[in-house]
Amino acid sequence: MLDDTGTVLGLLSVLLVSVATLAIGSWGLRLSRTTSDFFVASRSVRPRLNGFAISGEYLSGASFLGIAGLVLSNGAEMLWYPVGWTAGYLVLLCLVAAPLRRSGAYTLPDFAEARLHSRGVRRASALLVVVIGFLYLMPQFQGAGVALETTTGLPPWAGGLAVAVVVLLNVLAGGMRSVTFVQAFQYWLKLTALLLPLVFLVLVWLGDGGRSPADPGLVSAGVDGLAWADPIDFAGDHPLYSTYSLMVATFLGVMGLPHVVVRYYTNPDGRAARQTTLAVLALLGAFYVLPPVYGALGRLYAPGLAASGSDSVVLALPGVMVGGLGGDLLTALLTAGAFAAFLATSSGLTVAVAGVLTQDVTSRRLEGVTGFRVSAVVAVVVPYLLSLVTREVGVATVVGLAFAMAAATFCPLLLLGIWWRGLTARGAVAGLVAGGLLTGAAVVDNLVVDRTGGWIASLVGQPAAWAVPLAFLTMVVVSRLTRSQVPAHTSRFLVRLHTPETVRVDQG
Amino acid sequence: MVLDGLRSRWWRTRQLGTDADHATFRTLHTASLASPALRRGLTAETADRALRHLRGLLGTAAVALADTDTLLGYDGLSTHHTAQARALAARAVAASATVVAGRAELACDTEGCLVGHAIATPLVIDDRVAGALVALAGAPSASLLRATEEVASWVSGQLELAELDEQRHRLARAEVRALRAQISPHFIYNSLGAIASFVRTDPDRARELLLEFADFTRYSFRQHGEFTTLTEELRSVERYLLLEQARFGERLRVVLQVAPEVLGVTIPFLCLQPLVENAVQHGLEREGGGVITIVARDADRECLISIEDDGAGQDPERIRAVLAGEAAGDSVGLANVDERLRTTFGDDYGLVVETAPGAGTRVLVRVPKFAPGLTP
Numbered sequence: 001m002l003d004d005t006g007t008v009l010g011l012l013s014v015l016l017v018s019v020a021t022l023a024i025g026s027w028g029l030r031l032s033r034t035t036s037d038f039f040v041a042s043r044s045v046r047p048r049l050n051g052f053a054i055s056g057e058y059l060s061g062a063s064f065l066g067i068a069g070l071v072l073s074n075g076a077e078m079l080w081y082p083v084g085w086t087a088g089y090l091v092l093l094c095l096v097a098a099p100l101r102r103s104g105a106y107t108l109p110d111f112a113e114a115r116l117h118s119r120g121v122r123r124a125s126a127l128l129v130v131v132i133g134f135l136y137l138m139p140q141f142q143g144a145g146v147a148l149e150t151t152t153g154l155p156p157w158a159g160g161l162a163v164a165v166v167v168l169l170n171v172l173a174g175g176m177r178s179v180t181f182v183q184a185f186q187y188w189l190k191l192t193a194l195l196l197p198l199v200f201l202v203l204v205w206l207g208d209g210g211r212s213p214a215d216p217g218l219v220s221a222g223v224d225g226l227a228w229a230d231p232i233d234f235a236g237d238h239p240l241y242s243t244y245s246l247m248v249a250t251f252l253g254v255m256g257l258p259h260v261v262v263r264y265y266t267n268p269d270g271r272a273a274r275q276t277t278l279a280v281l282a283l284l285g286a287f288y289v290l291p292p293v294y295g296a297l298g299r300l301y302a303p304g305l306a307a308s309g310s311d312s313v314v315l316a317l318p319g320v321m322v323g324g325l326g327g328d329l330l331t332a333l334l335t336a337g338a339f340a341a342f343l344a345t346s347s348g349l350t351v352a353v354a355g356v357l358t359q360d361v362t363s364r365r366l367e368g369v370t371g372f373r374v375s376a377v378v379a380v381v382v383p384y385l386l387s388l389v390t391r392e393v394g395v396a397t398v399v400g401l402a403f404a405m406a407a408a409t410f411c412p413l414l415l416l417g418i419w420w421r422g423l424t425a426r427g428a429v430a431g432l433v434a435g436g437l438l439t440g441a442a443v444v445d446n447l448v449v450d451r452t453g454g455w456i457a458s459l460v461g462q463p464a465a466w467a468v469p470l471a472f473l474t475m476v477v478v479s480r481l482t483r484s485q486v487p488a489h490t491s492r493f494l495v496r497l498h499t500p501e502t503v504r505v506d507q508g
Numbered sequence: 001m002v003l004d005g006l007r008s009r010w011w012r013t014r015q016l017g018t019d020a021d022h023a024t025f026r027t028l029h030t031a032s033l034a035s036p037a038l039r040r041g042l043t044a045e046t047a048d049r050a051l052r053h054l055r056g057l058l059g060t061a062a063v064a065l066a067d068t069d070t071l072l073g074y075d076g077l078s079t080h081h082t083a084q085a086r087a088l089a090a091r092a093v094a095a096s097a098t099v100v101a102g103r104a105e106l107a108c109d110t111e112g113c114l115v116g117h118a119i120a121t122p123l124v125i126d127d128r129v130a131g132a133l134v135a136l137a138g139a140p141s142a143s144l145l146r147a148t149e150e151v152a153s154w155v156s157g158q159l160e161l162a163e164l165d166e167q168r169h170r171l172a173r174a175e176v177r178a179l180r181a182q183i184s185p186h187f188i189y190n191s192l193g194a195i196a197s198f199v200r201t202d203p204d205r206a207r208e209l210l211l212e213f214a215d216f217t218r219y220s221f222r223q224h225g226e227f228t229t230l231t232e233e234l235r236s237v238e239r240y241l242l243l244e245q246a247r248f249g250e251r252l253r254v255v256l257q258v259a260p261e262v263l264g265v266t267i268p269f270l271c272l273q274p275l276v277e278n279a280v281q282h283g284l285e286r287e288g289g290g291v292i293t294i295v296a297r298d299a300d301r302e303c304l305i306s307i308e309d310d311g312a313g314q315d316p317e318r319i320r321a322v323l324a325g326e327a328a329g330d331s332v333g334l335a336n337v338d339e340r341l342r343t344t345f346g347d348d349y350g351l352v353v354e355t356a357p358g359a360g361t362r363v364l365v366r367v368p369k370f371a372p373g374l375t376p
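Residue numbers (this note's numbering), protein chains in the order written: chain A, 1 to 508; chain B, 1 to 376.
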């Protein structure tokens with residue numbers, strides 16, 4: 001599968017994507033700003049463009065490589081991941097998007113401070129942003145290692161290091177992060193990189209007779225078609241619980257991802273925030289159709305990968321099914337797409353984490369730019385080291401855990417903060433601490449101990465279904481106990497969150 | 001961390017001070033609980049929040065707070081004495097002195113009523129009586145009289161601070177008003193003159209300019225709000241520049257580069273307008289006119305706005321004096337904007353002016369994307 005041409009092409013595509021990213025990072029800002037047309041209003045970011053940008057930053061390596069691997073090795077139940085990652089935006093659309101924009105907050109700690117007037121809640125939120133960011137960055141580096149290993153034969157740590165270095169350089173050089181156009185372009189790059197090879201692969205498959213991967217008679221890697229296509233056939237002894245828990249984590253976790261929330265600030269008002277979310281739903285829905293097809297084809301053509309290294313199925317298929325120079329070229333395109341996915345998400349997360357670190361930790365000791373640089377280094381190095389020392393867990397699994405933690409911490413804070421008058425600062429802190437500790441313990445257990453079977457394995461593997469309700473409960477109960485401390489401005493603030501901008505009320 | 005806090009508290013109570021010290025600490029702590037409410041002025045809401053703690057301070061059966069018109073709040077037992085407390089407070093306000101009432105004046109039929117004695121002390125802010133504090137207790141005592149007067153004077157101090165805060169806000173609002181008034185005269189005169197010159201030669205353009213002028217004045221003279229969004233402010237700046245271009249024609253060229261990501265940032269109302277006005281003024285000092293460059297950039301948590309002209313430039317020392325409030329002159333707007341940015345976002349966010357004679361001027365404004373409590 002690996003030959004010299006393939007290796008050269010693979011390395012070349014990675015190099016190309018890295019150089020392009022760095023170039024856009026340092027010069028793109030100027031290029032996209034040389035127009036000097038009048039009338040600012042016509043230049044505000046349209047919801048659809050912002051939707052592209054959010055999708056471009058959101059679609060990570062876990063989406064690009066991880067899902068196909070999971071579908072190949074575990075079967076159709078893994079489709080719940082992309083379903084949840086998309087459906088999370090539906091919850092965001094209905095309950096959070098517009099009020100969050102109207103609150104004027106730029107980051108999640110900003111929202112906590114504005115809503116509860118408390119430095120304590122701010123600090124707790126900042127800490128959680130950093131932890132969730134680390135947890136989300138870690139699998140990005142791990143996945144990049146897998147991608148490079150498949151295409152170029154480099155050891156896994158080298159790929160992660162390459163992404164870490166490029167991300168760090170990119171962020172330190174000024175970052176492409178907030179340039180909406182660049183991020184919107186990222187979406188198209190990823191979609192094309194996945195769609196174009198798939199067209200060829202599907203043609204080959206049709207040429208071979210087009211056998212269904214779910215055919216009951218087809219036994220691939222020891223799994224027959226029926227078992228493979230079962231949507232609630234989760235590994236472990238309690239598949240139904242695992243399925244629901246995963247749904248809770250992903251549906252409610254999206255709103256707590258630090259790099260998603262900051263992009264909402266770009267929307268001019270609450271209405272545009274909703275329209276943006278609607279666009280994101282459509283764009284993610286379109287994208288997520290593709291990776292599972294790779295997984296399904298992998299079941300037919302590369303069953304050997306199901307047991308070992310299923311994350312590399314997307315990159316391996318063109319070599320197996322098309323072969324020759326054509327296969328190498330398609331693999332190179334997929335490598336470029338995967339690398340772009342790792343870079344975009346990692347850069348966004350690094351800036352978000354470094355920003356929080358700068359504001360709430362280093363700014364007291366270090367001056368301006370130095371503080372941000374130190375924070376950026378910390379934000380990249382810590383998760384990279386973690387990705388080396390922890391046992392190998394699937395890319396999507398760790399991302400799933402990051403979602404579970406976001407769902408058990410920021411989801412209660414946002415939902416109760418937006419929809420309930422009774423929330424107090426102490427209640428919020430108690431809920432954040434409870435949710436963070438419970439899911440944190442589950443994360444550590446997952447990364448260190450290898451469990452199989454029994455309730456414990458299921459509960460720890462998918463902690464959201466019990467951790468999220470407990471976090472909500474803690475927040476509500478402690479808030480009721482401290483009800484005399486409801487912030488004085490609560491009613492005014494909620495009026496502001498829920499009144500459309502076109503309605504003329506005193507929104508101060 | 002929580003455990004740490006608990007232990008250190010336990011440590012302190014065991015190790016620090018005598019019983020008398022503890023009583024002092026307790027008293028100071030209770031006072032500190034009451035002060036945030038009082039620092040927001042004397043209203044029914046703040047009285048309600050403060051009274052609980054004031055009762056803790058005095059240790060009486062009930063306490064009440066009144067302003068000069070009515071009783072704002074009553075906290076404690078025997079609420080049937082509310083009306084009498086109000087009457088007593090009114091007497092204290094009228095007399096501007098402490099008034100004491102015995103059992104005869106506090107007659108009631110309730111069995112086992114704990115209130116048989118009341119003290120009302122006026123609250124004085126800046127030599128003006130603003131209300132009264134009423135303490136209702138079981139029996140008269142000299143120490144209660146003394147304590148009530150001391151607490152009343154402490155409350156008065158807090159209310160004075162509240163008044164000070166309010167005055168500072170009033171001052172900021174007055175500054176915005178002053179700025180509105182400052183823009184108008186010569187700009188209005190010149191714009192109308194420029195528009196008049198187009199009425200015969202290019203009536204359509206004259207009409208457009210007149211409409212721009214109307215929108216510009218409506219924004220600049222708007223009455224509500226100290227804050228606005230960058231979009232609104234830039235829109236107004238554009239109108240202003242359009243009108244100035246009508247007057248100066250080719251001599252005034254404008255380059256505008258705005259990152260769409262920062263358009264929603266909240267900024268103090270009219271904080272760019274004076275800077276642009278200065279830039280136009282200085283940029284046109286040179287023969288052949290000049291270029292005004294306005295750039296708004298996104299820097300993650302902050303928005304960076306720069307306003308630059310390629311005019312004659314100024315003496316940096318003079319600008320420093322203007323910003324320090326030591327010199328007046330044509331850059332009053334500069335000092336005003338600097339002052340308002342500092343009061344809004346903190347001293348880190350003052351104006352930065354880069355200039356030298358013959359090298360043009362660049363003014364840099366830095367604004368955080370989020371600052372608690374700001375709404376456009």
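Where hints are given, some of them may not hold.
For each label pair, taking beta carbons as the anchor points, the in silico distance ranges come out as [as the list claims (entries may be wrong)]:
(1) A:R119 <-> B:E149: 43 to 49 Å
(2) A:A441 <-> B:D19: 54 to 60 Å
(3) B:L114 <-> A:S491: 56 to 62 Å
(4) B:D202 <-> A:V377: 26 to 32 Å
(5) A:P500 <-> B:H29: 41 to 47 Å
(6) B:H29 <-> A:R119: 17 to 23 Å
(7) A:G453 <-> B:D48: 56 to 62 Å
A few chain B residues that don't get close to chain A, going by computed Cβ distances all over 10 Å [as the list claims (entries may be wrong)]:
(8) E45
(9) H80
(10) T82
(11) E111
(12) G112
(13) L145
(14) A194
(15) A206
(16) R207
(17) T231
(18) T266
(19) R301
(20) G313
(21) L351
(22) K369
In short, the hints are calculated from the structure, not lab data. Ideal Cβ placement from N, Cα and C applies to all residues, glycine included.
Outcome of the hint check:
no.	hint	verdict
1	A:R119 <-> B:E149: 43 to 49 Å	violated (36 Å)
2	A:A441 <-> B:D19: 54 to 60 Å	violated (44 Å)
3	B:L114 <-> A:S491: 56 to 62 Å	violated (35 Å)
4	B:D202 <-> A:V377: 26 to 32 Å	violated (60 Å)
5	A:P500 <-> B:H29: 41 to 47 Å	holds (44 Å)
6	B:H29 <-> A:R119: 17 to 23 Å	holds (20 Å)
7	A:G453 <-> B:D48: 56 to 62 Å	holds (59 Å)
8	E45	violated (8 Å)
9	H80	holds (25 Å)
10	T82	holds (22 Å)
11	E111	holds (31 Å)
12	G112	holds (28 Å)
13	L145	holds (31 Å)
14	A194	holds (18 Å)
15	A206	holds (19 Å)
16	R207	holds (18 Å)
17	T231	violated (6 Å)
18	T266	violated (6 Å)
19	R301	violated (6 Å)
20	G313	holds (23 Å)
21	L351	holds (17 Å)
22	K369	violated (4 Å)
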